[in-house]
Amino acid sequence: MFRMRVIKYVGWTFAWLVAFVCAIWAAGALYYDFPAAGSLAAILFLLVLLAAIIFVRRKLLKLVIVFAAFALVAVWWLTLKPSKDRPWQSDVAQTAWAEINGDVVTVHNVRNCDYRTETDFTTHWETRTVRLSQITGMDLAIMYWGSPWMAHPIVSFRFADALPLCFSIETRKTIGQEYSAVRGLYRQYTLIYIAADERDSIRVRSNYRHGEDVYLYRTMASPAQARVRFLEYVNTINMLHDHPRWYNAITTNCTTNIRTQRPTSQRAPWDWRMLVNGKADEMLYQRHAIATGGLPFSELKQRSLINKRARSADKDPDFSRLIREELPGD
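So the sequence shown is numbered by the working numbering: it starts at 1 and just counts up by one.
Think of the hints as simulated: they come from the structure by calculation, not from any bench. Mixed in with the good hints, there may be bad ones.
To be verified - Computed list of lysine-lysine pairs in DSSO-like fashion (alpha-carbon distance at most 27 Å, straight line):
1) 279 with 315
2) 8 with 84
3) 301 with 279
4) 315 with 301
5) 81 with 173
6) 59 with 8
7) 8 with 62
As the list claims (entries may be wrong) - Here are the computed distance ranges between Cβ atoms for each label pair:
8) 265 with 100: 21 to 27 Å
9) 50 with 231: 48 to 54 Å
10) 99 with 68: 47 to 53 Å
11) 182 with 67: 19 to 25 Å
12) 175 with 75: 28 to 34 Å
13) 100 with 9: 56 to 62 Å
14) 272 with 180: 21 to 27 Å
15) 126 with 179: 22 to 28 Å
16) 129 with 72: 49 to 55 Å
17) 161 with 265: 31 to 37 Å
Just so you know, even glycine gets a beta-carbon here, dropped at the ideal spot from N, CA and C.
All chains should be built: construct the whole structure from the sequences, respecting the hints.
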């Protein structure tokens, strides 16, 4: 009897905890995404739920009302569609797309900003032509700006006859908009894959953003495997160029998309460090996915920090080669 009471108590507690989370999320969806008077809509939503909890007598019916209200908001929220035509910030004004002609891939709208400071720059959009047969490998840059638990990855592809081309998965922000992790849970940001020169996406973080550390790792991907990964990015940028998608801080972010852009049967096993992505390099080390040079992880990470080399290279046309000097596994 006592055991059944405990099970019943735990069950009701869990149900109300889930209901509380659902109600808070739904209120946030109204607050951030409702087209007009979002704050008023969120307040009214919570007041209606509070009234139901106070005045409805049956416990089960109270839960049904909360979950039904959540479902109604969720159904509305899922109908919201991202737009391609908004007043975008200059560094995300264009979206990359590519043409494939046999071995030759032409990537349009490759970003290559000329930075004077983090916020003072001239944006250049270029067209790059590369050959799949000339891909020699794939590298991973991971950027930290404070917490060791959260980071931003950039995947870079090396070519035998061309400069590296990197891809950064980010939020496409409008003029005046800033990133917020809470807003990232809702439909506030469009997803963008930035195709860029390393002197742009990596250098701005290593040289011009204060307090940001950049680590660069060689991956163990063979040229053939790197080509497959490169085409995954190409296919995704083409899809997003025509059909924009929402960014989500949990399900569709800078790290999870690297996994989900692959066919389901080929995806790497799920790991909590894909969300807490500041530990992603440790996960890759344990999976033997990055070149280690026989070093323990702590030493590998220390030697993979490229800020000093990047600042020395800065505007040098040979930036990509210089930041890789003495890189473990090179």
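Evaluated hints:
no.: 1; hint: 279 with 315; result: violated (30 Å)
no.: 2; hint: 8 with 84; result: violated (50 Å)
no.: 3; hint: 301 with 279; result: holds (11 Å)
no.: 4; hint: 315 with 301; result: holds (25 Å)
no.: 5; hint: 81 with 173; result: holds (15 Å)
no.: 6; hint: 59 with 8; result: holds (13 Å)
no.: 7; hint: 8 with 62; result: holds (17 Å)
no.: 8; hint: 265 with 100: 21 to 27 Å; result: holds (23 Å)
no.: 9; hint: 50 with 231: 48 to 54 Å; result: holds (52 Å)
no.: 10; hint: 99 with 68: 47 to 53 Å; result: holds (49 Å)
no.: 11; hint: 182 with 67: 19 to 25 Å; result: holds (23 Å)
no.: 12; hint: 175 with 75: 28 to 34 Å; result: holds (31 Å)
no.: 13; hint: 100 with 9: 56 to 62 Å; result: holds (60 Å)
no.: 14; hint: 272 with 180: 21 to 27 Å; result: holds (23 Å)
no.: 15; hint: 126 with 179: 22 to 28 Å; result: holds (26 Å)
no.: 16; hint: 129 with 72: 49 to 55 Å; result: holds (50 Å)
no.: 17; hint: 161 with 265: 31 to 37 Å; result: holds (33 Å)
Violated hints, in rising order: 1, 2; the structure is consistent with all others.
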